[in-house]
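Engineer: Can you build the whole structure from these sequences, using the hints too?
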Amino acid sequence: MGFTPIEDYGVIGNLETCPLVGRDGSIDWCCFPHIESSSVFAGILDEEGGGHFAIRPSGEFESSQEYVTRTNVLRTTFETDSGTMVLTDFMPMVGGIELGHTTSAIYRKVVCTEGEVEFDAEFEPRFDYDRVGTTVERTSEGVLARGNGEQLYLWNQADFDSSEGEEERAEATERLGTDETMWFVLQYNDREPIDAGDCAALLRETIDYWQEWTHQCLDESGCPFEGPYHDDVIRSGLVLRLLMNPQTHAIAAAPTTSLPEEIGGVRNWDYRYAWIRDSAYTIQALNELGHQREARNGFDWSLTMCHKDDPGEIGHPLYGLHYPSEMVEEELEHFTGYRHSKPVRVGNAAGDQEQLDTYGELITAIYTATDYGADIHEGEWEVLEEVIEHVSGAWTETDSGIWEVRSEPTHVVHSKALCWAALDRGI
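Add 1 to the 1-based position in the sequence shown for the working numbering, that's all there is to it.
One thing to keep in mind: the hints can contain errors.
As the list claims (entries may be wrong) - Ranges of calculated distance between the beta carbons of each label pair, as one might list FRET restraints:
| no. | residue 1 | residue 2 | range |
| --- | --- | --- | --- |
| 1 | Ala197 | Ile377 | 47 to 53 angstroms |
| 2 | Glu67 | His308 | 40 to 46 angstroms |
| 3 | Glu383 | Ala418 | 23 to 29 angstroms |
| 4 | Gln248 | Ala350 | 36 to 42 angstroms |
| 5 | Tyr373 | Glu117 | 52 to 58 angstroms |
| 6 | Asp301 | Arg176 | 50 to 56 angstroms |
| 7 | Thr305 | Glu390 | 17 to 23 angstroms |
| 8 | Gly228 | Glu398 | 25 to 31 angstroms |
| 9 | Glu289 | Asp376 | 55 to 61 angstroms |
| 10 | Glu172 | Asp301 | 44 to 50 angstroms |
| 11 | Asp376 | Pro247 | 18 to 24 angstroms |
If you're looking for bench data, these hints aren't it; they were derived computationally from the structure. Keep in mind it's a predicted model, so treat the numbers as computed, not measured. The beta carbon of each residue, even a glycine, is placed where N, CA and C say it ideally should be.
Structural biologist: Structure (structure tokens):
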């Protein structure tokens with residue numbers, strides 16, 4: 002079918018991982034259990050070998066995507082000659098709010114809203130970036146996939162093909178009439194009993210969770226972001242929240258790796274890590290949105306990372322979401338890359354670079370946070386003093402800059418300006 006345009010993907014998540022769902026109903030990117038874990042679906046990076054989980058009409062269709070208002074619950078609507086089908090994708094929060102959901106899982110609800118629709122379900126996982134063998138077998142409750150010491154359990158109400166033995170994919174074709182519904186639930190490693198009634202309750206709970214989170218910072222009588230970009234601002238806030246780890250509060254720069262800066266180019270990097278610079282921008286955005294708690298958590302994470310390093314180093318420009326974690330960079334030569342843009346990389350060697358502008362962004366974000374009521378505690382003052390003292394001596398040095406150039410470090414005007422900002426805000 003060819004590569005899906007990047008703009009035709011929606012994102013869902015549970016604060017720990019962020020699958021991408023195409024407008025064609027295919028999950029072409031998903032890592033378990035975390036954003037920076039290896040992939041189980043990577044069709045966005047290799048349409049033949051990356052793996053996917055697709056649900057879409059059997060014949061020709063027109064489709065569109067939208068989110069349930071102020072949530073990260075995604076709806077894909079398919080229009081066919083015979084009827085209309087709506088696919089709803091979401092991930093409940095691990096730990097649950099009321100139902101005690103403890104497994105990282107993707108829920109997919111298929112409903113025919115008009116007429117009659119025949120659809121196909123294609124389940125083709127590939128563990129560990131398709132570097133290991135994957136087996137797929139049918140069970141009494143659905144489909145079980147194994148590989149890399151991991152398991153995926155697909156509970157479903159469809160009739161997957163009855164081929165005996167183990168294969169690399171499972172397929173089903175079903176037909177729904179008006180108001181008929183079918184559920185698919187993909188669980189990672191741990192299998193919980195599934196009931197269609199619980200699926201509907203979890204959908205309602207997940208919608209409530211996101212809408213309540215959004216409204217924490219909004220006064221309905223006077224939203225600070227009224228205007229033509231109101232919905233875009235709220236959507237951006239919801240995506241930022243998806244990227245913040247619930248345990249460590251590290252903020253991933255993106256949920257993906259190796260989507261190219263230009264098609265066919267080589268600047269294809271793994272952004273599934275937390276940059277001090279990007280985190281500083283996110284802290285400021287969350288404060289502007291009124292999410293002071295999340296902003297404070299990001300603030301604390303940034304200072305903690307600075308304090309973990311030797312005083313002589315102060316901090317690295319980026320860290321894993323679960324410190325300590327490996328960020329060794331390697332190339333996946335067997336992947337074709339998005340629209341054949343190679344290399345495909347996992348890990349990021351920029352973690353060992355000196356990027357002097359990072360300090361300015363961090364100190365500016367903390368300075369701004371105090372305008373929103375954030376307190377700087379005694380131990381944190383010591384860390385800030387160390388950072389500022391470091392900048393006062395390092396600003397004359399060469400670095401790799403905000404562009405993270407892989408050539409020899411050089412003098413970068415942007416870095417010098419941000420060093421000045423660090424000293425100015427620090428004073």
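Engineer: Run through the hints listed earlier and report the numbers of any the structure violates, in increasing order.
Structural biologist: 4, 8 and 9
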